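S.K.: Chains as they are written, first to last, in my numbering: chain A, 1 to 312; chain B, 1001 to 1278.
Because the hints were derived from the structure by calculation, they are not lab data. Here the structure is a predicted model, which means the values were calculated and not measured. It is possible that part of the hints are untrue.
To be verified - Quick list of in silico lysine to aspartate or glutamate cross-link-like pairs, DMTMM-like style, CA-CA up to 25 Å: (1) B:K1215 / B:D1230; (2) A:K29 / B:E1059; (3) B:K1138 / A:E296; (4) A:K308 / B:D1196.
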Amino acid sequence: MCGIAGLIWKGGVTSDIGSEMTQMLQALKHRGPDSTGFALYGKAEEGVLVLRFKVAEQEEMKTGFDIHRLVIERKAAVDTRLEEMGADVTAREDATEYAFRYHFKFGGDLKRLIDFIEDLDGVEILSVGTALELIKDLGDATVVANQYGLNGFVGTHAIGHTRMATESDVDIRSAHPYWAYPFNDVSVVHNGQLTNYWTMRRDLERRGHRFMSNCDSELIAVYIADRIDRGDELEGAMRRTIDVIDGVFTYLVATGNQLGMAKDVMGAKPMVLYESDEFVGLASEEVAIRSIFPREIDTWDPYQGEVKVWAA
Amino acid sequence: MGSVTTSHDMGLHEEQLAGRTQQMYFSATAEENFTYPWSYEVDYANSAEFDAADLSISEINLKIRELMKSGHGSITVLNPRAKHSLGVGILNRLNLTFEGSLGYFGCGLIDGPNVHITGRVGWSCAENMMAGTVVIEKNAGSLFGAAIRGGDLVCRGQAGARVGIDQKGGTIIVGDSVGAFTGFMMQRGRMIILGDAGDNLGDSMYDGTIYVAGKIASLGVDCVETELTDLDKKYLKGKLELYAMQAPNGIDSMVKLTSGKQLWNYDNLEPTEKKLVL
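Using the sequences and the accompanying hints, generate a full structural model.
M.R.: Shown next, in the form of structure tokens:
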């Protein structure tokens, strides 16, 4: 089933999007209790990149015998490789024992740096960007938000996901949102099932794209990244997905300054939209939007095959 | 052994199959009383209202039951805040008002009440409604009036995809446009759409009638346009006046759609079956 939500403050307005997205996703908990993910768009300092990565799965931390030592070793290996590539790490934060948040400056080839770090066993980069921070873990929205200290995160827009695992495992790797590797600041959340996943995945893999999980939703992120790389605008890339991707889907995609939504031609998965002069809110159910706007608001369902994009 | 009364003796077998149809007819006489024996005696003049903001879904629905039990015939629910499954399973006469919006499955499985919703409704509103009226002032989600069997279901705004899927009776009126697959597998009843209709309108409909005032993106399989008769116009005029609604270009310019009945194969035998018979 899965629940997805998105919000964007227009005209450069910033707000406590960490708390807002937590409330929206908590209201959608009944649509998927397995894991919760956030893609929050804040503002880092000029020229500074934010790196979110993890070196183990939550499940491993509970059952593994050697994992606590491995976590320390893997983190040290990441530090070494960052230094080797000439990245200047300005800040290090431990979000949890196995997930970290770094600020760094880097002038070289970002894709090479990312590939070099992910080459390490057990290390997965969740996101790299000037604005995007991607946080995902097992548990409901409140649990994850408290674990990672998301309340008070100030930014312009966010997307989020509550997952009911149907196509792949319950772990952080298969949780949404997906980062459109290796592009700065692009992330995707999806509700539905894609039926031509393997055909399209093989096609994209032949062109050199990497897939981190076996979750069908990752395909949307990789496909959009591929199209942007080949010169498409976000909206154009999204319109292509309507024709090319087969299956049922409603998905949200965010970039450094945009938020977009697309719905398949059957209109099989829900999406409720609220738009005012200063704010746009989207969610699988209206209760999520009401969790931050308890007053009476006018909402509607976008139609099948619709693509919409808003700017911050 | 005592005497056995068969259903034939009781006169229950007046229905008959007529021509190429599976539609069953029976003569429900006007004197028959169809109210439920356990229904509450309510007085419309006796009104009550309560705030649903801090109540759970079951608490709200139980509160409505309690108020009906104590004879309240007019109930207003404040701040429903788009919660799901509100006002479901009411098998009673009642004036029910929601001051706000409902989530999914609102007013499903109802038989009798007159419901007024000042906000919007989510997916599957008034699913399997048997009788009564539901009037929504704003928009409706997909699957609006899925499988309804009777009563009037009115949305003054726009509705999502698959409006009146599997409709088996009653009337659905939408004031603005509707999405794809509206009237999918419709079996009986009438649908009035005053805005535009999405792709595959009336796909695989068995029977029933769809009236559209706006543009139609495309017709589904076996959905055909037919003549708008004087009787249709009279019906449309009456229904729309009842809810103070208007066809944007007048009733005369509306389009009437029904089933082409090309997919009806009820009486035909499969090739293998034919071999056995012949």
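S.K.: All hints, please: hold or fail.
M.R.: Do the hints match the structure? See the list:
no., hint, verdict
1, B:K1215 / B:D1230, "holds, 22 Å"
2, A:K29 / B:E1059, "holds, 20 Å"
3, B:K1138 / A:E296, "holds, 12 Å"
4, A:K308 / B:D1196, "holds, 20 Å"
Violated hints for the displayed structure: none, as all numbered hints are satisfied.
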